[in-house]
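A.B. asks: What follows is each chain in one-letter form.
Number of protein chains: 2
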Amino acid sequence: MSLLAFSSDHAGFQLKRQLLEYARELGHDTFDCGTHDENPVDYPDFITPVCRAVREQEAVCGVLICGSGIGMCIGANRFQQIRAALCITTEMAKLARRHNNSNVLCLGSRLISDDENLAILKTFLETDFDAGRHTPRILKLESLGGPSSL
Amino acid sequence: MSLLAFSSDHAGFQLKRQLLEYARELGHDTFDCGTHDENPVDYPDFITPVCRAVREQEAVCGVLICGSGIGMCIGANRFQQIRAALCITTEMAKLARRHNNSNVLCLGSRLISDDENLAILKTFLETDFDAGRHTPRILKLESLGGPSSL
Numbered sequence: 006m007s008l009l010a011f012s013s014d015h016a017g018f019q020l021k022r023q024l025l026e027y028a029r030e031l032g033h034d035t036f037d038c039g040t041h042d043e044n045p046v047d048y049p050d051f052i053t054p055v056c057r058a059v060r061e062q063e064a065v066c067g068v069l070i071c072g073s074g075i076g077m078c079i080g081a082n083r084f085q086q087i088r089a090a091l092c093i094t095t096e097m098a099k100l101a102r103r104h105n106n107s108n109v110l111c112l113g114s115r116l117i118s119d120d121e122n123l124a125i126l127k128t129f130l131e132t133d134f135d136a137g138r139h140t141p142r143i144l145k146l147e148s149l150g151g152p153s154s155l
Numbered sequence: 006m007s008l009l010a011f012s013s014d015h016a017g018f019q020l021k022r023q024l025l026e027y028a029r030e031l032g033h034d035t036f037d038c039g040t041h042d043e044n045p046v047d048y049p050d051f052i053t054p055v056c057r058a059v060r061e062q063e064a065v066c067g068v069l070i071c072g073s074g075i076g077m078c079i080g081a082n083r084f085q086q087i088r089a090a091l092c093i094t095t096e097m098a099k100l101a102r103r104h105n106n107s108n109v110l111c112l113g114s115r116l117i118s119d120d121e122n123l124a125i126l127k128t129f130l131e132t133d134f135d136a137g138r139h140t141p142r143i144l145k146l147e148s149l150g151g152p153s154s155l
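Residue numbers (the working numbering), protein chains in the order written: chain A, 6 to 155; chain B, 6 to 155.
Pulled out of the complex, with its shape left as it was, chain A reads as follows (with noise of 0.2 Å):
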C-alpha cells in the first residue's frame, strides 16, 4: 500500500475524483488536497502541498490536474527533487517513469477522455525506472535553476 496525493484546479476536479476513486480500486491510500469543487481557483495555489508531500517521502508520487496539465508541470518542476511530467498518452508515461524516474505526474482533463487519464495513470504507477545511463542525467537536473546558474 502506497500513499498518491493529488490535487487540481477546477477544471480537473471532476477528473481527480475518478482518478482518486481508480488509485483506491488499485489498492492505493490517496490524499486529496483540493481544490473540493467547481469553482474557479488558481492552479498555482494548489501545487505546494503536493510537492512538499512527495518530497518529504510522505507520498510516493502526486498527480497534478489542471485544464492542460501545462501549468501544474511549470509549477511543480520549479521545486528541486520533484521531477513532473505531463502525459497524454501511456507511452509518455512510461518514458516518463522508465527515463526520468517521474515523481509527479501532470493530466489535462480537457486535452484527452477521461478513460484515457486513467489508462495513463495506471501506467505510470506500474512501470519502474530504467536507471543505468539515466541516473547521472536526472542528478544533474537538480544542479538546474539555482541562483548561480544563470
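Keep in mind the hints are simulated off the structure, nothing from the lab. Hints are all accurate, no fakes.
Any copy will do: because identical chains look the same in the list, a pair fits if it lies in one copy or spans two.
Below, a list of computed lysine-lysine pairs in the DSBU-like style, where the Cα atoms sit at most 35 Å apart:
1. K99 with K127
2. K145 with K99
3. K127 with K145
With chain A fixed as given, assemble chain B onto it according to the hints.
C.D. replies: Just chain B, lined up with the frame of chain A:
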C-alpha cells in the same frame, strides 16, 4: 525579426536541424546552443544556455528537444521566469501560449513525426498570450519552489 534559441540532446539533433531551417524560413533568426552531432550526451547540459537567453531577453523564446521532451521540460522549469511546455499537438501549443504565456517549447523527437513537430513550432510562434485571468496565475508560479515554500 526575432531570435529563437535552440538546443537538443543526441536524440533531438536531427529534428533540431529541421526546426532551425524551418524557423529561418518563417523569418526568425536562430541560435543553436548544441548538441552538434549524434554522440550521446546528457540533456541537462544543454538547458541552461537556452534558458539564460530567454531570461535575459536575448531570445524571444527557446526550443528544447530530446527523445520525449520530458527531461528538458523538467530542467527548464527549474529556472524562475521560464515557463516551459512540452507539446505534442498543436492544440497544446496554442494552450501553452494562450494560457501560460510559455516562453520555452519542449518537443519529443521520438513521440510524433517531424512534420507534426514543425507544425507545433509554427503554432507556438504564431499564438499570443490571452492575459486576463491568466496573468495572476502565471505570476503566482514565480512564488513556487523557493527555500521558504517547502
